[in-house]
Amino acid sequence: MLGALIIVFREVFEAGLVIGIVLAATRLVAGSRWWIAGGVAAGIAGSALLAMFAEVVSQWADGFGQELFNAGVLAIAVCMLIWHNLWMARHGRELAAELTAAGEAVREGSRPLAALAVVVGVAVLREGAEIALFMYGIVLAGGDSWSALALGSVLGLVLGGGVSALTYLGLVKIPTRYLFSVTSGLITLLAASMASQSAALLLASGKVNVLSATAWDTSWLIDEGSILGRLLHTLIGYAQSPSELQVLVYIVTLVAIVVLTKALSPNHAPRAAAAGR
Amino acid sequence: MRKLQFIAALSGAVVMASGPVAASADEMKTYEITVKDKVFTPNEITVKAGEPFRIKMTNANAMPVELESSKLGFEKVAAGFSDILVNVRAQAPGTYTFFDDFHPKETIGKVVVQ
Numbered sequence: 001m002l003g004a005l006i007i008v009f010r011e012v013f014e015a016g017l018v019i020g021i022v023l024a025a026t027r028l029v030a031g032s033r034w035w036i037a038g039g040v041a042a043g044i045a046g047s048a049l050l051a052m053f054a055e056v057v058s059q060w061a062d063g064f065g066q067e068l069f070n071a072g073v074l075a076i077a078v079c080m081l082i083w084h085n086l087w088m089a090r091h092g093r094e095l096a097a098e099l100t101a102a103g104e105a106v107r108e109g110s111r112p113l114a115a116l117a118v119v120v121g122v123a124v125l126r127e128g129a130e131i132a133l134f135m136y137g138i139v140l141a142g143g144d145s146w147s148a149l150a151l152g153s154v155l156g157l158v159l160g161g162g163v164s165a166l167t168y169l170g171l172v173k174i175p176t177r178y179l180f181s182v183t184s185g186l187i188t189l190l191a192a193s194m195a196s197q198s199a200a201l202l203l204a205s206g207k208v209n210v211l212s213a214t215a216w217d218t219s220w221l222i223d224e225g226s227i228l229g230r231l232l233h234t235l236i237g238y239a240q241s242p243s244e245l246q247v248l249v250y251i252v253t254l255v256a257i258v259v260l261t262k263a264l265s266p267n268h269a270p271r272a273a274a275a276g277r
Numbered sequence: 001m002r003k004l005q006f007i008a009a010l011s012g013a014v015v016m017a018s019g020p021v022a023a024s025a026d027e028m029k030t031y032e033i034t035v036k037d038k039v040f041t042p043n044e045i046t047v048k049a050g051e052p053f054r055i056k057m058t059n060a061n062a063m064p065v066e067l068e069s070s071k072l073g074f075e076k077v078a079a080g081f082s083d084i085l086v087n088v089r090a091q092a093p094g095t096y097t098f099f100d101d102f103h104p105k106e107t108i109g110k111v112v113v114q
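Top line first, the protein sequences correspond to chains A and B. Just so we're aligned, residue 1 is where the first sequence starts under the numbering used here, counting upward by one. Just so we're aligned, residue 1 is where the second sequence starts under the numbering used here, counting upward by one.
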């Protein structure tokens with residue numbers, strides 16, 4: 001039972017963190033919970049479907065369909081995260097002002113909640129398909145131990161929900177005027193992390209073969225499989241032996257978001273104009 | 001250090017290019033293993049240093065198996081009674097372990113690179 005619990009918990013850990021961050025980022029935005037719940041539900045449904053057709057997907061692209069599919073969904077999530085952050089750069093200040101002034105929930109407006117729902121869906125889908133396969137295997141294998149294994153899996157899922165709750169509760173302790181900056185920062189790192197994972201999967205598929213050499217190996221310092229390694233893997237994209245392409249994609253994504261955010265920030269343009277006057 | 005690595009990689013590339021086999025994806029050597037009742041057969045494969053290769057794993061159980069090796073850089077799940085293929089980058093000589101991430105302490109195999 002403990003084995004199943006650990007396996008499932010390890011898989012949901014990453015999705016749990018992402019959901020917690022997105023919940024905090026959209027705190028007080030009317031309707032955000034529904035969008036996020038929708039994202040989770042879509043992710044779960046997608047996982048079940050993907051598990052059901054795992055063999056078919058596997059056969060695509062000469063046996064590398066899994067890698068290409070995952071690289072694709074991660075790329076979509078990265079675009080959504082960038083969109084969200086740029087939107088926040090334009091409107092975040094108004095939102096924060098409105099929140100402190102009125103002390104009430106912001107109207108739904110044009111905030112790209114759908115983008116974040118997609119991100120949550122992708123995070124769930126990424127790990128969910130493996131859990132679905134694992135749990136399906138438990139049921140299929142039957143035997144005496146199946147109920148214990150199933151119980152362990154369910155407990156693992158519950159603990160994953162606990163990770164979301166802890167992440168959320170930790171983040172919302174931050175005062176509202178800093179919360180947007182903190183969550184935007186986390187989302188930027190998340191985007192870079194997902195972009196580099198997508199690059200790693202493209203290399204793994206063998207369809208992309210540029211800069212595939214290992215850039216460095218820090219497995220002696222932090223093991224990617226440890227809890228700390230997994231935490232850093234999700235939050236900042238830690239990889240113990242990344243390829244050069246992964247490092248490049250990570251840096252390009254990070255720099256692109258920072259530069260675009262600065263360019264779109266409402267305070268930026270007027271100040272430059274004032275200086276020119 | 002980086003420069004040394006680059007020179008080593010370059011000389012490796014020269015040696016490979018002058019060798020009889022150019023390692024294109026289709027000509028990559030594929031090593032087949034089977035996993036059944038939490039055991040890899042064979043549980044040890046020997047490969048040549050400096051050449052990329054593939055592992056084809058057949059899962060002969062109803063339970064899924066996640067073939068993983070952080071050192072060799074792969075992590076891929078195989079549904080029950082199916083097979084998967086993973087690409088492995090060229091490796092330096094040494095012994096590398098791989099395992100089933102659903103049974104990481106029990107189902108272990110190794111790749112000897114020489």
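Please note that the accuracy of each hint is not assured.
25 Å max Cα-Cα, derived BS3-like pairs, lysine-lysine [said to hold, decoys possible]:
| # | chain 1 | residue 1 | chain 2 | residue 2 |
| --- | --- | --- | --- | --- |
| 1 | A | Lys207 | B | Lys56 |
| 2 | B | Lys56 | B | Lys29 |
| 3 | B | Lys110 | B | Lys36 |
| 4 | B | Lys48 | A | Lys207 |
| 5 | B | Lys105 | B | Lys56 |
| 6 | A | Lys207 | B | Lys36 |
| 7 | B | Lys105 | A | Lys207 |
| 8 | B | Lys36 | B | Lys71 |
| 9 | B | Lys105 | B | Lys71 |
| 10 | B | Lys48 | B | Lys29 |
| 11 | B | Lys105 | B | Lys36 |
| 12 | B | Lys71 | B | Lys110 |
Since the hints were derived computationally from the structure, they do not count as laboratory data.
Against the structure, the hints:
no. : hint                 : in the structure
1   : A:Lys207 to B:Lys56  : 17 Å, holds
2   : B:Lys56 to B:Lys29   : 10 Å, holds
3   : B:Lys110 to B:Lys36  : 16 Å, holds
4   : B:Lys48 to A:Lys207  : 22 Å, holds
5   : B:Lys105 to B:Lys56  : 21 Å, holds
6   : A:Lys207 to B:Lys36  : 30 Å, violated
7   : B:Lys105 to A:Lys207 : 32 Å, violated
8   : B:Lys36 to B:Lys71   : 23 Å, holds
9   : B:Lys105 to B:Lys71  : 16 Å, holds
10  : B:Lys48 to B:Lys29   : 10 Å, holds
11  : B:Lys105 to B:Lys36  : 15 Å, holds
12  : B:Lys71 to B:Lys110  : 11 Å, holds
Comparing the model with each earlier hint shows violations of hints 6 and 7; every other hint is respected.
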